[in-house]
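Colleague: Note that the protein sequences, when read in sequence, are chains U and L.
Number 226 in the UniProt record's numbering belongs to position 226 of the first sequence; there are no gaps in the numbering.
Number 51 in the UniProt record's numbering belongs to position 51 of the second sequence; there are no gaps in the numbering.
What the hints contain is simulated information worked out from the structure, not anything from laboratory work.
Check each hint, because a few of them may be wrong.
Heads up, the list lumps identical chains together, so a pair's fine if it works in one copy or across two of them.
Claimed, not checked - Taking lysine to aspartate or glutamate and the DMTMM-like style, the derived pairs with C-alpha atoms no more than 20 Å apart in a straight line are:
#1 Lys155 to Glu241
#2 Lys238 to Glu159
#3 Lys58 to Asp149
#4 Lys204 to Asp103
#5 Lys213 to Asp149
#6 Lys8 to Glu234
#7 Lys58 to Asp33
#8 Lys216 to Asp61
#9 Lys122 to Asp103
#10 Lys122 to Asp215
#11 Lys44 to Glu183
Here is what each chain is made of, one letter per residue.
Number of protein chains: 2
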Amino acid sequence: MNDLQLFKERSNEAYEIYLPHISIDCVVFGFHDTSLKVLLLKLKGLESWGLPGGYVQKNEDVDAAAHRILEARTGVSRIFLEQFKVFGTVNRSEPSLTHMPPDLWYRQRFISIGYYALVNYKDIVPQVDDISDACEWKDITGLPEMMMDHELIYKTALETLRKQLNYKPIGYNLLPEEFTMPELQKLYEIILGYTLNRGNFQRKMLAYDILIKHDKSRKGGAHRSPILYSFDTEKYNKALEGGLNTGW
Amino acid sequence: MNDLQLFKERSNEAYEIYLPHISIDCVVFGFHDTSLKVLLLKLKGLESWGLPGGYVQKNEDVDAAAHRILEARTGVSRIFLEQFKVFGTVNRSEPSLTHMPPDLWYRQRFISIGYYALVNYKDIVPQVDDISDACEWKDITGLPEMMMDHELIYKTALETLRKQLNYKPIGYNLLPEEFTMPELQKLYEIILGYTLNRGNFQRKMLAYDILIKHDKSRKGGAHRSPILYSFDTEKYNKALEGGLNTGW
């Protein structure tokens, strides 16, 4: 079966299964050690890359659809996903798919609901499916050309993530259970894209009151053994809900 | 023409004009002096109230649709609207509309895109249309029963607005051009629903560096004439984009 036949078969199924005009795109950020990556895939027959995405079944909640779509790409079912914006301009799909027949499912106008997640990329094995040639982590410092408006969706997700550093805690599931203040600072710096003052960072982070300081320090050859911290999960989760301790 | 005939006629038009399955709901908060209100309407034949909403035309951007819908309700075309969340559970419309025939446009499953706005309610005259009995400002301290999941949409918008007080400036177009620190504090208190410490509020607000302090003070009979401030619009708009001066 050639690519077009495959897309036509999938198109007919899609009209049966999914709500028309509505799609989901997921921006999955992967952090590990010192780099931030994003999960991209390449549809068969296209040169540019795209975000993992899909559609909403006629009898499925939108959030459930996002989890189903992401599980198919990552093999992981319980990724914390957050809706961040709807992308709804009329011509957002053009010109990426104009080589396909106009009655194909994929040629509709889609209003896309953007979700993002931040995971430890070592925990996930990207999954290729039969309409894609590749599904890979790409470092955000050297992203390939993207299809449709996916670069805008990715950039909006990164902006959202950066803004959320000001009012939401971050780091759980991304750092080892016990970590040093410089390791936590590095996570913030990688996401923000610039370096931070060490003293200010520590003062502000401790004021948030979401860390537990441990008596022991990590074994190693350095002159000064760095102090270890872990997240106080109760306070961390409370801050996830209600915001960090910076409010009015 | 009775109500059902009217809804049927509108239903037929809607299938022609709009994308199926997608709706928009607007939470318009109105502030003035010492109260916060929300704009609600009552569809003909329903007992409960609803948010002003509508649908996306087949050739219309989603944001443009939100502005069109709100203009029809308020007569005002340039309200600053912000998308805040998509409401997409399967059964979110039930049971409000189950008395209508199942093939009616309004009985579809709708995934609704929530927008909110904060305006000075004195600037707006609510507009009733021919499928509604009423369109009114209701004080948030005594809201009537709402249809579908509109109470959830309203509450989520209010939560979003409250969280944004921590990282976005607020007050432009809501306060007179020159205002006192207690007047600005009152706006925050009305939105948050609790009182704030005066000294802390002033210190924090001045640290944001978005105010211009005026030499003159307001004339009046009080022992102490309150100092007048206005927003530094350049800094205010920069903070709207990039966040308040609290970041890393």
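Colleague: When no copy is named, should Lys213 and Asp149 be tagged within, between, both, or neither for a Cα gap of at most 20 Å?
Modeller: This pair counts as neither: shortest intra-copy Cα distance 44 Å, inter-copy 44 Å.
Colleague: Taking 20 Å as the upper bound on the Cα-Cα distance, should Lys238 and Glu159 be classified as within, between, both, or neither?
Modeller: Classified as between; 15 Å across copies, 23 Å inside a copy.
Colleague: Between copies, within a copy, both or neither: which fits Lys58 and Asp33 at Cα up to 20 Å?
Modeller: neither (41 Å within a copy, 46 Å between copies)
Colleague: I want to check one pair: Lys122 and Asp215. Are their C-alpha atoms no more than 20 Å apart within a copy, between two copies, both, or neither?
Modeller: neither (29 Å within a copy, 59 Å between copies)
Colleague: Under a CA distance limit of 20 Å, which applies to Lys44 and Glu183: within one copy, between copies, both, or neither?
Modeller: neither (39 Å within a copy, 60 Å between copies)
Colleague: When Cα atoms must be at most 20 Å apart, do Lys8 and Glu234 count as within-copy, between-copy, both, or neither?
Modeller: The answer is neither: 50 Å in one copy and 53 Å across copies each exceed 20 Å.
Colleague: Have a look at Lys122 and Asp103 and pick one of within, between, both or neither, based on CA distance no larger than 20 Å.
Modeller: Intra 40 Å, inter 49 Å, cutoff 20 Å: neither.
Colleague: Within, between, both or neither: how does the pair Lys204, Asp103 come out at a Cα-Cα threshold of 20 Å?
Modeller: neither (55 Å within a copy, 57 Å between copies)
Colleague: Checking an output row: Lys216 and Asp61, CA cutoff 20 Å. Within, between, both or neither?
Modeller: neither (47 Å within a copy, 57 Å between copies)
Colleague: As a check of your reading, is Lys58 near Asp149 (CA-CA no more than 20 Å) within one copy, between copies, both or neither?
Modeller: between (25 Å within a copy, 19 Å between copies)
Colleague: When Cα atoms must be at most 20 Å apart, do Lys155 and Glu241 count as within-copy, between-copy, both, or neither?
Modeller: Result: close only across copies, 14 Å inter versus 24 Å intra.
When the structure is compared with the earlier hints, violations turn up for hints 4, 5, 6, 7, 8, 9, 10 and 11 and for no others.
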